[in-house]
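Next come the chains, spelled out residue by residue.
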Amino acid sequence: MHETTSTSVDLKPKDGGLLAQFKNPTALAAACEKVRDAGYKKWDAHSPFPIHGLDPSVGIRPTRLPWLIFGAGITGTSVAILLQWWTNAVNYTFSISGKPFFSLPANIPIAFELTVLFAALTAFFATLGRNGLPRLHHPLFNSERFLRATSDGFFIAISSDDPGYRPDSTRALLEAAGAEAVEHMEDDSQINAKLPRPLTIVLVTAFVLGFIPLGVIARARTNTSPKPRIHVVPDMDSQPMFKAQAAFSGFSGFADQRAMRQPVAGTVAMGDRHLDEHLTQGIVDGAFATTLPSEIPMTRSTLERGRQRFNIYCAPCHGEAGYGDGMVAQRAQALGSPKWVPPTNLHEPRLRSQPFGQMFNTITHGIRNMPAYGHAIPAKDRWAIAAYLGALQLSQNAPLSAVPQEQRAALK
Amino acid sequence: MNVDKMHLLEESVTELPPPLGGRVKAIGFGVGILGLASASVLGYLQEDHYTRFSFSYLIAWAFFLSITLGALFFVTLQHVTRAGWSVVVRRLAEGLSSQALLMALLSLPLIVPLAMGNHALFSWADHGAVEADHMLHHKAPYLNVGFFIARCVVYFVAWILMARFFFKNSLRQDGSKDPALTLRSERGSAPLMFVYAITVTFAAIDFLMSLEPHWFSTIFGVYFFAGCLVSFFATLILTGLWLNSQGVLRGAIHVEHYHDLGKLLFAFNFFWGYIAFSQFMLIWYANIPEETFWYLTRQEGGWITVALLLIFGHFIIPFVGLISRHAKRRTKILAFWAIWLLAMHWVDLFYLAAPALASRLKDGALAAGTLPLGLLDVACFVGVGGMYLAFFAVTMQKKRLVPWGDPRLNESLNFENA
Numbered sequence: 038m039h040e041t042t043s044t045s046v047d048l049k050p051k052d053g054g055l056l057a058q059f060k061n062p063t064a065l066a067a068a069c070e071k072v073r074d075a076g077y078k079k080w081d082a083h084s085p086f087p088i089h090g091l092d093p094s095v096g097i098r099p100t101r102l103p104w105l106i107f108g109a110g111i112t113g114t115s116v117a118i119l120l121q122w123w124t125n126a127v128n129y130t131f132s133i134s135g136k137p138f139f140s141l142p143a144n145i146p147i148a149f150e151l152t153v154l155f156a157a158l159t160a161f162f163a164t165l166g167r168n169g170l171p172r173l174h175h176p177l178f179n180s181e182r183f184l185r186a187t188s189d190g191f192f193i194a195i196s197s198d199d200p201g202y203r204p205d206s207t208r209a210l211l212e213a214a215g216a217e218a219v220e221h222m223e224d225d226s227q228i229n230a231k232l233p234r235p236l237t238i239v240l241v242t243a244f245v246l247g248f249i250p251l252g253v254i255a256r257a258r259t260n261t262s263p264k265p266r267i268h269v270v271p272d273m274d275s276q277p278m279f280k281a282q283a284a285f286s287g288f289s290g291f292a293d294q295r296a297m298r299q300p301v302a303g304t305v306a307m308g309d310r311h312l313d314e315h316l317t318q319g320i321v322d323g324a325f326a327t328t329l330p331s332e333i334p335m336t337r338s339t340l341e342r343g344r345q346r347f348n349i350y351c352a353p354c355h356g357e358a359g360y361g362d363g364m365v366a367q368r369a370q371a372l373g374s375p376k377w378v379p380p381t382n383l384h385e386p387r388l389r390s391q392p393f394g395q396m397f398n399t400i401t402h403g404i405r406n407m408p409a410y411g412h413a414i415p416a417k418d419r420w421a422i423a424a425y426l427g428a429l430q431l432s433q434n435a436p437l438s439a440v441p442q443e444q445r446a447a448l449k
Numbered sequence: 109m110n111v112d113k114m115h116l117l118e119e120s121v122t123e124l125p126p127p128l129g130g131r132v133k134a135i136g137f138g139v140g141i142l143g144l145a146s147a148s149v150l151g152y153l154q155e156d157h158y159t160r161f162s163f164s165y166l167i168a169w170a171f172f173l174s175i176t177l178g179a180l181f182f183v184t185l186q187h188v189t190r191a192g193w194s195v196v197v198r199r200l201a202e203g204l205s206s207q208a209l210l211m212a213l214l215s216l217p218l219i220v221p222l223a224m225g226n227h228a229l230f231s232w233a234d235h236g237a238v239e240a241d242h243m244l245h246h247k248a249p250y251l252n253v254g255f256f257i258a259r260c261v262v263y264f265v266a267w268i269l270m271a272r273f274f275f276k277n278s279l280r281q282d283g284s285k286d287p288a289l290t291l292r293s294e295r296g297s298a299p300l301m302f303v304y305a306i307t308v309t310f311a312a313i314d315f316l317m318s319l320e321p322h323w324f325s326t327i328f329g330v331y332f333f334a335g336c337l338v339s340f341f342a343t344l345i346l347t348g349l350w351l352n353s354q355g356v357l358r359g360a361i362h363v364e365h366y367h368d369l370g371k372l373l374f375a376f377n378f379f380w381g382y383i384a385f386s387q388f389m390l391i392w393y394a395n396i397p398e399e400t401f402w403y404l405t406r407q408e409g410g411w412i413t414v415a416l417l418l419i420f421g422h423f424i425i426p427f428v429g430l431i432s433r434h435a436k437r438r439t440k441i442l443a444f445w446a447i448w449l450l451a452m453h454w455v456d457l458f459y460l461a462a463p464a465l466a467s468r469l470k471d472g473a474l475a476a477g478t479l480p481l482g483l484l485d486v487a488c489f490v491g492v493g494g495m496y497l498a499f500f501a502v503t504m505q506k507k508r509l510v511p512w513g514d515p516r517l518n519e520s521l522n523f524e525n526a
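These protein sequence lines map, in sequence, to chains V and A. First residue of the first sequence: 38, per this note's numbering; consecutive thereafter. First residue of the second sequence: 109, per this note's numbering; consecutive thereafter.
The set of hints was computed from the structure by calculation and includes no laboratory data. Note that beta-carbon positions come from the ideal geometry of N, C-alpha and C, so glycine has one too. Warning: the hint list may mix true and false statements.
[Claimed, not checked] Not everything, but these chain A residues come out facing chain V in the computed CB check (under 10 Å):
(1) Thr326
(2) Phe328
(3) Phe388
(4) Ile431
[What the hints assert, rightly or not] From chain A, some residues computed to sit far from chain V (all C-beta separations above 12 Å):
(5) Ser146
(6) Glu155
(7) Arg272
(8) Leu351
(9) Arg358
(10) Ser386
(11) Ala475
[Claimed, not checked] With beta-carbon atoms standing in for the labels, derived distance ranges:
(12) A/Arg437 with V/Gly166: 19 to 29 Å
(13) V/His89 with A/Lys276: 26 to 36 Å
(14) A/Gly472 with V/Ile349: 32 to 42 Å
Make a model of the complete structure from these sequences and hints.
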């Protein structure tokens, strides 16, 4: 049974133009020149492989694509620099060791990447756009003959959209140019260029469904909810674990419901010196120690070590003389950042009267915006620094009576 | 669609005409001997135990060595990739790479004084300084005179043999037209690429980086290599254009080849900038004094001008100038940028080597930040350059200037940029 379709009259194939086949590349190139010289504009040559020198025969002008790509590249560079300048130097200034908020070398890699990204994307999409792609159907694909364009056929196709196109005279031109065969192309793009109905349904459905996550996100961002949040991966968010030495009611590993045994009374684990409060915390009898621990003798070599460590770890902020004028502090001062807390002058009376244990404690745990150095400097070196600090403070506030008799005259 | 274009070669002059070759040789030897002689006199007059002379000579020597090494890489690369387009220019590159022998001879004024205990150039050769300096003492197992000279021998033997291998194969093919010789070169090329990479990296470290032996940069070999390629492509373009202007290889090396050489010149110049910045940024970012001092000395006084000249003159301006297809296909514009980049390559080597000079001279002889430029640099450059030109003419005399028997010669003549 042949079912009559409801295709209306205006969907009949139109005249799409003419397709001419040529014997070889030389014949194609010669014919192209004739078509070009006849003033046609909407036509193209097709061959299975690139033919050098065909572009001028077809009359293709040099592409303007490079200018677009160059412009996009420059735009990428500018966008990258502006973005980094605005985020780092304007919108969210954050002083890192007093370094400048905006410094060109740090921004070059991003600028390089965005230059390449902008240029590459522009090259890709502008090539597609200027070639009229993507396109679902083309009248050429109706021709059986044209299939050979990918193996051994050389073709010229003149579109019926060309203002100079006349079915008879154009055919005559192509035949005169040496075409082996000339045939009409049927332009049925109005019929065939329609998306298949199932695909249309899928695309429309996907488009509509795509709004659901957006809606959910928009709602979540504007409303509060009393419900607990959704755990996508619950075993990452709430892991079963025990706190050492704490009792858990549901746990039956040990008789006292603890997760771990306590150390045997009177033992110290290897490397565990926490019991020596003086050495590891600077505390003696619940107060800051006023002396160095017995392991750290107050000798010249301890002070030398302390000076060396001080100049490495402390001097960048506090300055080598300890007046709070290190290089980092100077740079931050120059930036004038309101968020910057200047490093303390170590010769303030408040600090001069601090016991060694408290200096040790400050180095270990940090204070205000000074970071903790406990992880970075071994305890013995921290004590050496504290000892050197004592010497440094004395050096800036020594009474005349502390200077040896024979050198006092030089100071007066 | 390769049509037979061998007639292009048959109609063209494919050998260096003897009068022309003779003239080049005469000029080269004349200028070379005059330059080297006046450089030695000027060096003696400085009364600094040839210290200034050593630096000027090293820069001139490294300049022509880098062209040679760039050529050696190019020849190897063409065989690794089985390139067809480049066949017509490969013989010229083979000739340039064969100057490795000349460069070995010309290295004697640097190496002989070193062997005799002179440490004008390399402070690590000074026993007193090494004893007093913990870092130099630590590096002494590598940086010592004996091992240095042994390494130099290895480099030059490797480069000379590599260049000979490709050049001899190619020359034998001129007569026999035996495609098996091409296969032989291709099989050898990939392993030799490794030899090349290692020797060039260490040579850059030894001859240039060790001038300031406290400083180190792991990318330095690549940096020097990038400079080699830039200077080589510039030289090859100029050589081809000059030969064409003398009626040699006219029609054989044509605009399509220059276009491609221009692309490579542009690409490797960008590569140079990329590597130069990579080296700078890591050191700048880490901000460790043992690395930053090298850049710090190069930002003081006149050196900041040289540094800015490199950023703009070696990188940004030629980048914009060479990016267009138009610039690469107009031989006059291309020649302009080739000369420009050769000049910048000299500035680059000057920037790498010359700042170390101040510390070698007596205190106050050269104020910090002063550029040690003078007639000595001109004399050394002209001297080494003249010898290079003359020996290149000697290498190429009575030989075809294209690989006559290469099976891809016709493909190369047909080459067109899509």
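Hints versus structure:
{"no.": "1", "hint": "Thr326", "in the structure": "violated (18 Å)"}
{"no.": "2", "hint": "Phe328", "in the structure": "violated (19 Å)"}
{"no.": "3", "hint": "Phe388", "in the structure": "holds (7 Å)"}
{"no.": "4", "hint": "Ile431", "in the structure": "holds (7 Å)"}
{"no.": "5", "hint": "Ser146", "in the structure": "holds (42 Å)"}
{"no.": "6", "hint": "Glu155", "in the structure": "holds (41 Å)"}
{"no.": "7", "hint": "Arg272", "in the structure": "holds (36 Å)"}
{"no.": "8", "hint": "Leu351", "in the structure": "holds (25 Å)"}
{"no.": "9", "hint": "Arg358", "in the structure": "holds (20 Å)"}
{"no.": "10", "hint": "Ser386", "in the structure": "violated (9 Å)"}
{"no.": "11", "hint": "Ala475", "in the structure": "holds (26 Å)"}
{"no.": "12", "hint": "A/Arg437 with V/Gly166: 19 to 29 Å", "in the structure": "holds (27 Å)"}
{"no.": "13", "hint": "V/His89 with A/Lys276: 26 to 36 Å", "in the structure": "holds (34 Å)"}
{"no.": "14", "hint": "A/Gly472 with V/Ile349: 32 to 42 Å", "in the structure": "holds (33 Å)"}
In summary, the numbered hints that this structure violates are 1, 2 and 10.
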